[in-house]
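**Q** Sequence:
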Amino acid sequence: MSDSQGEDSRNGTPEDPAAEEAPSRSRCPLCTEPFSAPRILPCLHTFCAACLGRLEPFSDLASHAEDSDSGSDGSWLRGQRQDRWLPPLSLLCPVCDAEVDLPPGGVEGLPTDHVALREVWLETLEGTGLALACDLCADGEAAGHCQTCRVCLCPFCCQAHKRQKKTASHPIVELRDLKGYAHLEKPTPCPSHPPEELRLFCERCNLPVCQECVLGAHRQHPYNMAADVIHKHGDSIRELVKVTQRHMGTLRGALDQIQGVGESLSRRAEAVALEIRAFADGYMKAVEEHRDRLLQSLEELRGRRETQLLLQKAQLQQLLQDMQAGVDFTEHLLSGGSDLEILLTKGLVEKRLQGLNSVDYHPHPVADDQIQFSPHEKAAPIQSYEVFGAVLNGTTDPAKCVLQGKDVGGLCPGEPFGLMLLCKDGSGERVARGGEPVRVTVSHQERKDRATKATVCDNQDGTYQISFTPKEPGKYTVCVFVRGQHVQGSPFAVTVKNKFRQHRGLFHCCTFCSSGGQKAARCACGGTMPGGYQGCGHGHKGHPGAPHWSCCGNAEEASECSVKQPGEDPAHRSLLRTVVL
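In the numbering used here, the protein residues as written are 22 to 602.
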């Protein structure tokens with residue numbers, strides 16, 4: 022992709038990616054020739070291995086190429102890649118401009134696109150003028166196809182195939198009779214053991230393997246036939262496609278909103294410019310100068326908002342294109358690929374779709390079209406002339422919004438905390454209306470998994486009452502957002518101190534049992550027993566009928582003591598004698 026083409030794709034008129042012509046599945050986007058040794062990049066775009074080898078590197082490894090005598094055709098990648106001291110190499114995808122990292126083996130280490138190879142094979146069968154080579158001798162031109170071995174055979178090998186006892190019963194079909202067959206399969210050889218075909222799937226390594234792999238590197242690993250596990254793994258990929266498609270719908274809606282706001286903003290800006298010109302035509306030089314200043318401020322405001330919208334639009338369009346490319350590739354793989362082909366690219370597809378689905382984006386426009394002109398607003402004098410008129414954007418500026426009441430100390434668990442948000446525009450003037458999207462998050466700095474819910478009350482006058490109740494002691498981080506941006510003073514910390522009064526007595530059934538029958542032991546429940554016992558006993562006067570604390574009489578074990586601790590009030594010391602005894 023040239024620089025001008027890349028610039029047009031980012032700054033040009035918006036187009037629906039789905040409306041663009043679908044790329045050929047059998048030809049390389051770079052050389053436009055049928056794929057030769059196709060390799061899949063992490064962004065799910067396929068190219069010939071030789072074409073990828075000719076690309077310039079994008080990472081710091083490019084600095085080593087300048088000292089190389091191999092030229093700039095990219096062939097030095099394969100040799101330089103063997104040096105262990107070099108950093109990982111990355112390339113820019115020629116289709117989506119995404120930076121992709123190459124594996125340690127370089128281009129040859131990328132996964133092979135077996136679906137693309139089959140597309141080339143089928144296109145050849147359709148009579149494109151290309152000849153298929155014999156899969157056995159590799160010298161003659163293929164004329165037949167063994168339905169059992171799934172290999173192409175030249176006339177000589179066809180005869181030999183029929184003469185051999187082991188393959189004599191295999192049906193051989195002439196290639197011209199196979200034209201139009203869209204789901205013909207060729208055996209996929211094992212990269213580690215080329216004579217063997219990939220038929221098994223290692224559950225531990227999450228890779229297709231052959232019989233030799235099971236007996237060697239994957240010995241004692243659990244495995245199954247590829248045909249038996251394709252349903253489970255295929256369903257997981259389909260669920261990822263559904264999630265991605267939902268995001269694509271949201272992105273399309275967001276782009277439509279941005280387009281509408283941009284058009285409305287342009288129309289409104291032009292209307293305000295006409296009002297400004299009509300108002301300024303009746304004045305002399307001072308008024309004309311004032312008019313120019315007003316127009317300049319309007320264009321600056323418009324430029325800022327258009328820049329924000331264009332930036333958001335470009336980001337969402339790129340994300341949509343990436344998702345569309347990923348979904349197209351995956352749907353084609355699921356609909357046209359064999360079980361083994363799906364399993365071979367399963368990990369790559371899942372990684373790409375999961376990465377796209379985790380991208381954070383804002384589906385709502387970051388700017389609006391709220392621009393107004395006030396002809397009665399008094400402006401600064403120009404050349405001693407009093408002039409009127411000002412451009413009002415009427416939009417809340419998060420950087421100008423102020424938090425009141427956030428500097429509070431001595432907060433305890435269960436105690437409500439409140440503060441006021443005062444919204445202001447870009448000039449620092451108070452916004453006297455409500456309806457702003459205010460969002461508040463309260464999180465414990467040590468316990469990230471326990472979020473505290475905050476409530477926001479819109480007073481409809483530009484102020485918002487924020488309140489929350491912390492339940493645990495510690496430091497909390499409070500973030501206040503307006504239109505997705507932090508307001509002035511956000512985030513800030515709130516410290517909650519624990520003043521929980523611990524029990525100093527025993528949680529017992531009665532004083533008689535806990536003290537071993539001593540008469541002098543007493544309990545805060547106030548119960549007594551006959552015979553001179555000063556504490557409580559089961560079934561006797563004053564016993565609460567349940568286990569309780571001897572220091573305060575509270576029947577709830579996980580509670581706060583309701584009496585002052587020893588040293589605070591001497592009158593309560595005698596209630597703790599059960600502990601001493």
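Simulated from the structure, these hints should not be mistaken for lab results. Beta carbons: idealized from backbone N, C-alpha and C, even for Gly. Among the hints, erroneous ones may be present.
To be verified - Cβ pair distances, simulated, as ranges:
#1 Glu54 <-> Leu236: 55 to 65 Å
#2 Cys478 <-> Gly281: 28 to 38 Å
#3 Leu113 <-> Asp313: 42 to 52 Å
#4 Asp381 <-> Pro125: 36 to 46 Å
#5 Leu316 <-> Pro125: 52 to 62 Å
#6 Arg273 <-> Leu113: 50 to 60 Å
#7 Asp349 <-> Arg298: 25 to 35 Å
**Q** Against each hint, give a clear statement of whether it holds in the structure.
**A** Against the structure, the hints:
no.	hint	in the structure
1	Glu54 <-> Leu236: 55 to 65 Å	40 Å, violated
2	Cys478 <-> Gly281: 28 to 38 Å	31 Å, holds
3	Leu113 <-> Asp313: 42 to 52 Å	45 Å, holds
4	Asp381 <-> Pro125: 36 to 46 Å	31 Å, violated
5	Leu316 <-> Pro125: 52 to 62 Å	59 Å, holds
6	Arg273 <-> Leu113: 50 to 60 Å	26 Å, violated
7	Asp349 <-> Arg298: 25 to 35 Å	50 Å, violated
When each numbered hint is compared with the structure, violations occur for hints 1, 4, 6, 7.
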